[in-house]
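With the sequences and hints as input, model every part of the structure.
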Amino acid sequence: MSPDLLPSELTSGVLMATSFAVLLTMILALVRATLGPTVFDRVLALNMFGTKTVLLISVVSFVTGRSDFLDLALLYSLMNFIGMVALLRFTQYNSFSDSAVITGESNEP
Numbered sequence: 402m403s404p405d406l407l408p409s410e411l412t413s414g415v416l417m418a419t420s421f422a423v424l425l426t427m428i429l430a431l432v433r434a435t436l437g438p439t440v441f442d443r444v445l446a447l448n449m450f451g452t453k454t455v456l457l458i459s460v461v462s463f464v465t466g467r468s469d470f471l472d473l474a475l476l477y478s479l480m481n482f483i484g485m486v487a488l489l490r491f492t493q494y495n496s497f498s499d500s501a502v503i504t505g506e507s508n509e510p
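Numbering (this note's numbering), first residue to last: 402 to 510.
Don't read these hints as lab results, they were simulated from the structure. A virtual CB, placed ideally from N, CA and C, is assigned to each residue, including glycine. Any given hint might turn out to be false.
Here are the in silico distance ranges between beta carbons for each label pair [unchecked claim]:
id : residue 1 : residue 2 : range
1  : Ser498    : Pro438    : 27 to 33 Å
2  : Ser413    : Ala487    : 36 to 42 Å
3  : Glu410    : Phe441    : 40 to 46 Å
4  : Leu431    : Gly466    : 28 to 34 Å
5  : Thr426    : Phe491    : 23 to 29 Å
6  : Leu475    : Ser413    : 20 to 26 Å
7  : Thr439    : Glu410    : 42 to 48 Å
8  : Gly414    : Leu475    : 22 to 28 Å
Printed below as a string of structure tokens:
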């Protein structure tokens, strides 16, 4: 990135404050994931943590002027989505196999 496209000092300060705010919300999401009363509260907190991680990577990419970090953020968001779908499927069927979906088995009473 050319020097004239780098963020100004004021913009860098605002982005650093944004980074600290995102880090704070990430810590709060981890606390919710640890203390959540139900599995779905924990899943939601982990999903929020993954989303905040993508946001933090994007902000760091803009501050440093390295656009290749955006590729990493996109990859991380796809991994977060696939992981959440797999986790929710496991909590519903207690299995990752297709036989539980086809037979309609569930862990609900």
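Do the Cβ positions of threonine 426 and phenylalanine 491 conform to the proposed distance bound of 23 to 29 Å?
-> At 26 Å between Cβs, range holds.
In this structure, is the beta-carbon distance linking glycine 414 and leucine 475 contained in 22 to 28 Å?
-> holds (27 Å)
Could you say whether the range 36 to 42 Å given as a hint is met by the Cβ separation of serine 413 and alanine 487?
-> Distance hint for serine 413, alanine 487 holds at roughly 38 Å.
Can the suggested window of 28 to 34 Å be confirmed for the beta-carbon pair leucine 431 and glycine 466?
-> With a Cβ separation near 29 Å, leucine 431 and glycine 466 satisfy 28 to 34 Å, so the hint holds.
Supplied distance hint 20 to 26 Å, evaluated on CB atoms of leucine 475 and serine 413 = holds (24 Å)
Check the following: the C-beta atoms of threonine 439 and glutamate 410 are separated by a distance inside 42 to 48 Å.
-> holds (46 Å)
Taking the beta carbons of glutamate 410 and phenylalanine 441, is their distance inside 40 to 46 Å?
-> holds (44 Å)
So the hint says 27 to 33 Å: do the beta-carbon atoms of serine 498 and proline 438 match that?
-> Given about 29 Å between the Cβ atoms, the range holds.
Violated hints for the displayed structure: none, as all numbered hints are satisfied.
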